[in-house]
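Engineer: Here is what each chain is made of, one letter per residue.
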Amino acid sequence: MDLSYLFKKNVWMPGWGELSLSALLIALISGFLLLPFFSPQPDAYKGIALFINYSLLTHFLHSLHSYSGDLFLIAGFMHTFEYIYKRSYQSYSFKSWFLLILLALFSLTAVFSGFLSIGSKESLSAESIVKGILSHLWIGGRWLSTFLFAKGHSSIIYMHHISTFTVLSIILIYIHLRRLKAENYVFYYTLILLTAFSMFFPEGIGYAPQTPLETIEGPWYFIGFQELLGWLPVWAAGISLPFILFLSFSLLPFYKKNNNRVLYAFLLFSFFYIIESFIGYFLRGDGWQLLYR
Amino acid sequence: MAASISLKIHLTALFSVIILLFVTVIVLTKRQIDTNLKDQCLTCHKDEGDMSTSHLNKDFGCAVCHLGNPYTARKKEAHKGMVRNPSDLQWVDKTCGQAACHSDLVTNVRHSIMASNAGLAASTLYQWHERLSPDDSLLNIYDLPDSSLATSHLRKMCAGCHINKRENDFPGEIGQRGGGCNDCHLLKSSNEKKHPVFTVKIEIKVCEKCHNRSDRIGLTYQGKFESEGYGTPYKRGNTSDRELSGGRFYYHIVGDVHYKAGMACIDCHIAEDVMGNGKRYAHLEDQVHIQCEDCHKMKRYKPKNNNIVWKIIRVNDNLIVPLDSLFARTQDGYFYANVFKLNGKELLRRKLDGKILNIPQLNTRQCESETHERLSCQACHSAYTPQCYGCHDIYDPNKKQLDKISNKETYGHWREGRSWLRYEKPVLGLANDRIKPFAPGCQVYLTELNNSSQIKRQETWLTMAAFDPHSTRKAVPTCEACHSDPKRFGFGEGIISQKGINFKMQPIYNARKSGLGKFNLDVMITPDNVKPQRMSRTDARPFTLNEIRNIYRAGYCIICHDTISDNIYKNYHKSLKKYKKDNSIPCRKIVAKGN
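Protein chains in written order, with this note's numbering: chain A, 18 to 310; chain B, 1280 to 1874.
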């Protein structure tokens, strides 16, 4: 299977890794720039909505922040795909590879915690899903739930978003910084793409918490997972499957055979996840019921 | 390689300039946000009228009711998730019913009979032999599955009234119903762009919107007699103004005495009657707490400071009531905001215009006579009762009809034929051990067609129901009108005679030859003690033959003793004993001769 064209670098299509890293760096910078405008409110949504609407600059920065997070996930996924396609994992020691996987996980959490900290209808719904999953995690679930969401303090997840997960993301960036330095134009390239996108398609912050909605959908990367939770029990879809995925990725350096099994498994899972996302996005209606019913 | 590096350097410089330009534009563009406003909706809607004096825009803003995003003035973002009708019961918990506003009232309304239609649904299922009891306070018409003939009938013919439904979901009268609180409280404006006004002064036409069929109290109260379908859309060259929904017409007859006094429904029916009190009731009459005696045999009480009655007085500028007034109260302890005593007089202040009326107190001599202790006020004071005999329902499974719960056209079509409609003296019977007027409720002649549109099944389910017709008058029927009238006994219209203890009836028409079945439609009990009709309530029944004999026997006394002030009625039971023992009493001889 020749998929090398997906990863071919040129001036207009830099490497996925550089793109992903640039996006993360932009998210980090725009996040720092937004910080002075934010004043915490008892209603998280109000806090975010007020500073976004404070000026066009804040709204632009928020859009930039949000889109760079999305781009980071897309480019990060393609970068992972590239690694699996080229079997690059075979050249890593388990320790280095595991560190990468761990940092990728934290970066994903950083993006998701940003979504959760908006306090919109969709965020609150996603939060309750996460809390539900954590309540099924028999070891450390309750502790993790309190650590992330702390009862009655809507801004705790925001604090994690700007501190805990950001610090971990910085580590990831630091590891790769030398690589980006060599291709610094990619950073500008990504920035101009995201700037234009943010200017012409300013990002909203979702529905207000009181809005009556028939179906509440999470962010695009979460819908597949949401759909999966509709098919399988929480212990399977919410706990076992992510754990198996994490474990499988972590152990990849030990798989030294030169065949495409890992690639096929990765593609199969990705295809399955895309189908799940499609069903969740287009075919779910009132009360998460399938529309044809 | 060198060319590639040079290109990248040039691109970097170009991108930097473009970004700088972007940022300059962004920084220099100002956004209009007025932080002094309650919400940013008012940036554009600053000229919008207030909903009511208790809901001023400057204090509440828009989003507290209409939701959406109150923190932005950009239309698309601000309108995201907005609701046009905040009081729709599907989301009312987030609007009118939120914790800081009217959560208690919204809970009451959700549980009320107007939202559930529990009585209507359960009674129909019971009458159509699909349920063993007509009492189920937990039933909600909104949750009924389309799984049987009765449920299909309810969903397609009856579900257009409950306030859970969306407003403007159907054309015509049905579309005007529903929408939660707004169904009653909103004064709709012809100007679509102007915000409608919210009111607590509910006019009769609002109640009539729903209460104009079945027992027709909304019509009867105003003296509207629904014709049997012979109305004409034209009158003296113009369109008739006496048209009801569904192509029906009406004639004017005598209205209720309260209507003639200018009173609206809300002058008697308190908030708890209409919006409920949080309990789930099985039937409409269970949710109605008021009784005639509350005003006409008034006892007065002082409401506590936190009683809802003060809020009702505060929001209705017509209700000017001295704060130290003593108010009338229902037996369950709910206060009337407009019925009180002042300067030794029992008074009612009309809620729609504030006019004061004197409330006559009841004549204890007549109304509390021991012979009439089980009589309800309505049994005597109802001028007439609307009676709708026999209703032909035809079910055709091959045609589609709008399901008013799912808002979809589904298979199964109902057609309802007109019936024998009368406004006349009622049949009397007992409900909850009180003698009350009865009327058909309902008498179904069902024809079910099969897939070839041939008759598959025919059923006759006759039911009578007790109710207050809302045709109150001060005058009462003469004594003979009750004590010698077979219709009021439940024998049906006709001529009655008695031989020994047995009655004989000559009915006014022949039901068999008319194709109606064995019994006339107004018969609740026959002289042979057959009860051809079901009762719509488990506590309702026709008079027993023994009770009818007692009533009829009093008719002999009435020939001479024709007023309630007659001495024999002062202690009727003592008089009866004397009559039985004392052969010298002249009337014994008359009765003996009569027999």
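Hint data in this document are derived by calculation from the structure and do not stem from the laboratory. All values reported here derive from a predicted model rather than from experimental measurement. Careful, some of the hints might be misleading.
[As the list claims (entries may be wrong)] Simulated pairs of lysine-lysine, DSS-like, Cα-Cα distance not exceeding 27 Å:
no.	chain 1	residue 1	chain 2	residue 2
1	B	K1359	A	K63
2	B	K1317	A	K63
3	A	K63	B	K1337
4	B	K1359	A	K138
5	B	K1576	A	K138
6	B	K1373	A	K148
Engineer: Against this structure, judge whether each hint is valid.
Structural biologist: Hints, verified against the model:
1. B:K1359 to A:K63: 15 Å, holds
2. B:K1317 to A:K63: 13 Å, holds
3. A:K63 to B:K1337: Satisfied, since the Cα-Cα distance of roughly 19 Å is no more than 27 Å.
4. B:K1359 to A:K138: 12 Å, holds
5. B:K1576 to A:K138: Not OK: K1576 of chain B and K138 of chain A at ~55 Å, beyond 27 Å, violated.
6. B:K1373 to A:K148: With Cα atoms ~23 Å apart, K1373 of chain B and K148 of chain A stay inside 27 Å; holds.
The structure does not agree with numbered hint 5 stated previously, though it agrees with all others.
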